[in-house]
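Each chain is listed here by its residues.
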Amino acid sequence: MFSKANEKKLDEIITHYPVKRSAILPALYIAQEEHGYVTDDDVKYIAGRLDMRVNEVEEVVTFYTMYSRKPIGEYKLQVCRTLSCWLQGAEQITERIEHRLGCGVGETTPDGKFTLVEVECLGYCDLAPCLQVNFDYHEKVTPEGVDKLIANLKTK
Amino acid sequence: MTKVLTSRFHLNGRACDIDVYMEHGGYQALPKALKEFKPDQVIEEVKKSALRGRGGAGFPTGMKWGFVPKESKRPKYVVCNADESEPGTGKDRDLMRYDPHQMIEGMIIAAYALGARDNYIYIRGEYWYILEIMEKALAQAYKRGFLGENILGSGFDCNIYMHPGAGAYICGEETALLESLEGKRGHPRLKPPFPAVVGLYGGPTVVNNVETLAVVPWIILKGGDWYRQLGTEKSGGTKLFTVSGHVNRPGNYEVPMGYPLMSLINDECGGITGGRKFKACIPGGSSVPILTAEECEKVTLDYESVAAAGSMLGSGGVIVMDETTDIFETTRNITHFYKHESCGWCTPCREGTRWLYKVFDRMHRYEGRPGDVELLYDLADKILGKSFCALGDAAAMPVQSAIDKFREDFDRRIKHDLVQIQKAAD
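Chains as they are written, first to last, in my numbering: chain A, 1 to 156; chain B, 157 to 582.
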């Protein structure tokens with residue numbers, strides 16, 4: 001149910017472990033990459049592939065914050081809210097994004113392009129404030145930098 | 157100052173290429189270990205170095221390795237904890253993205269010492285680009301015969317696989333990490349048995365932090381005694397500190413164990429931003445008790461000195477706060493973190509962190525009730541030492557220490573009468 005290339009990748013990943021279910025986190029990333037989020041079909045499919053029950057897959061998906069069980073925007077803006085970033089003005093960064101996108105934390109813009117979330121420590125404390133757009137890090141972000149970043153993403 | 161871990165950082169990431177790494181002294185320790193050391197001798201050398209686990213707990217590394225039984229029916233494993241998520245810490249990030257082979261070489265040596273064939277690097281999912289850097293480095297190491305079967309003709313087989321986490325702080329706790337690696341929710345396991353005896357897939361397992369493993373090639377090359385004398389008697393070697401917050405030059409700095417905290421802040425980091433006064437510092441990641449500026453004066457950066465000051469060296473995440481900082485707000489921020497990251501397994505932590513945050517939140521709105529500060533203290537007391545794993549302690553200690561030392565920042569949040577509210581609003 002994944003693309004041929006991803007099926008092959010998953011087959012290879014499974015060989016890394018003595019038990020198949022160890023491959024669940026990588027498998028969920030593949031599902032999310034292909035469908036934008038983890039769909040009901042993905043859950044069933046991964047359960048079959050890894051010899052797990054559907055509820056076992058479900059309990060794993062819902063534990064880890066980097067997976068979504070609902071559709072989200074094409075660009076997920078994840079602003080770090082934890083202490084080091086907070087000391088360097090993370091709140092202003094979030095406010096600026098809210099203002100620019102016209103959407104609040106936890107929301108997706110009506111065109112489906114952006115989702116804004118606050119996340120906990122991203123490990124860029126010395127490069128604060130930071131945010132992540134999908135998997136891309138942006139360090140020492142300023143409100144002006146946010147304007148540029150969003151303008152760039154809008155034209156993509 | 158002697159640079160050990162960061163000696164190749166000036167290459168700006170070029171050491172990611174195996175040839176550059178080897179030009180600068182890389183992959184010399186592994187052949188030496190395989191030829192000149194029996195597995196036991198590697199462990200002895202690491203014991204001599206007084207290296208202590210760099211993830212946060214500071215447990216002596218050689219001793220941890222020594223707990224692994226020699227004979228085991230089940231396969232043994234070395235797992236690298238690269239799930240760096242302790243607030244204030246970004247050191248493993250740089251160790252992996254600037255010098256991935258250093259850590260890989262250390263991990264292969266560790267696997268040799270313990271007799272582990274298949275090994276895993278559990279890296280936080282957010283560090284996806286670093287996972288890719290590591291995968292490239294591993295592929296190069298396989299190609300050169302430093303990984304795979306019969307490494308350098310020694311008869312020792314070793315594989316290392318990358319494994320991504322997915323955004324759970326608790327998976328930095330070693331037994332939760334193993335659960336996660338087995339494809340489950342990241343709930344900590346009951347200890348004992350410790351992972352060294354019953355770990356991954358039931359086999360004896362050593363879980364070591366990135367920085368810990370990155371030190372190992374140096375201990376083999378230059379000797380445990382050499383490494384130890386770089387630091388103090390009980391805290392050997394150097395350590396990487398991430399300094400963040402209100403300093404002029406935040407960043408990762410490698411200093412010898414026993415280095416004065418104030419020198420790190422004033423010399424390496426250029427002092428407090430804007431020439432403001434120094435108010436407080438969290439010396440070892442958000443989980444450890446806060447120190448006042450005055451307390452920091454005497455502290456040197458080794459496990460013993462920081463402990464004597466009433467805090468912990470932890471992961472080495474130094475968060476600096478200037479005089480304008482409201483310690484109530486910083487503690488509220490940290491409490492939100494632990495509330496969010498509590499895995500939900502045990503009641504004191506799950507309920508306690510939520511309750512703590514609830515009280516913080518009403519105080520944040522200047523709606524604190526008389527007695528709320530005492531309530532916070534008491535709630536923290538009900539979590540401390542009563543949770544299933546150390547996450548509960550990590551949530552409770554910052555709250556109690558902040559109240560002990562910066563009580564006035566908390567008292568301001570209590571709604572006594574209208575005058576008080578007016579004052580706060582002004």
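Don't read these hints as lab results, they were simulated from the structure. Fair warning: there could be bad hints in the mix.
[Said to hold, decoys possible] List of simulated lysine to any residue pairs, SDA-like, C-alpha gap at most 25 Å:
no. : chain 1 : residue 1 : chain 2 : residue 2
1   : B       : Lys514    : B       : Lys571
2   : B       : Lys561    : B       : Arg525
3   : B       : Lys299    : A       : Glu12
4   : A       : Lys4      : B       : Glu291
5   : A       : Lys76     : B       : Lys194
6   : B       : Lys454    : B       : Arg384
7   : A       : Lys140    : B       : Glu485
8   : A       : Lys8      : B       : Lys495
9   : B       : Lys514    : A       : Lys9
10  : B       : Lys495    : A       : Val119
11  : B       : Lys514    : A       : Asp51
12  : B       : Lys299    : B       : Leu167
13  : B       : Lys299    : A       : Pro18
14  : B       : Lys340    : A       : Gln92
15  : B       : Lys495    : A       : Lys113
16  : A       : Lys113    : B       : Lys433
17  : A       : Lys76     : B       : Arg253
18  : A       : Lys156    : B       : Lys203
19  : A       : Lys8      : A       : Val19
20  : A       : Lys9      : B       : Lys561
21  : B       : Lys433    : B       : Lys454
22  : A       : Lys4      : B       : Met318
[As the list claims (entries may be wrong)] Cβ-Cβ distance ranges computed for the label pairs, FRET-style:
no. : chain 1 : residue 1 : chain 2 : residue 2 : range
23  : B       : Leu167    : A       : Asp11     : 35 to 43 Å
24  : B       : Pro187    : A       : Lys140    : 49 to 57 Å
25  : B       : Arg405    : A       : Glu33     : 36 to 44 Å
26  : A       : Asp147    : B       : Leu346    : 48 to 56 Å
27  : A       : Lys20     : B       : Thr480    : 25 to 33 Å
28  : B       : Leu531    : A       : Lys20     : 46 to 54 Å
29  : B       : Asp173    : A       : Val133    : 21 to 29 Å
30  : B       : Met219    : A       : Met1      : 29 to 37 Å
31  : B       : Gly181    : A       : Asp147    : 44 to 52 Å
32  : A       : Asp147    : B       : Gly500    : 46 to 54 Å
33  : B       : Phe223    : A       : Lys20     : 46 to 54 Å
34  : B       : Pro225    : A       : Gly89     : 49 to 57 Å
35  : B       : Glu288    : A       : Glu34     : 40 to 48 Å
Fair warning: this is a prediction, and the values are worked out from it, not measured in the lab. For each residue, glycine too, the CB sits at the ideal point set by N, CA and C.
Indices of hints not satisfied (ascending): Of the numbered hints, 5, 8, 9, 11, 14, 15, 16, 18, 20, 24, 27, 30, 32, 33 and 35 do not hold.
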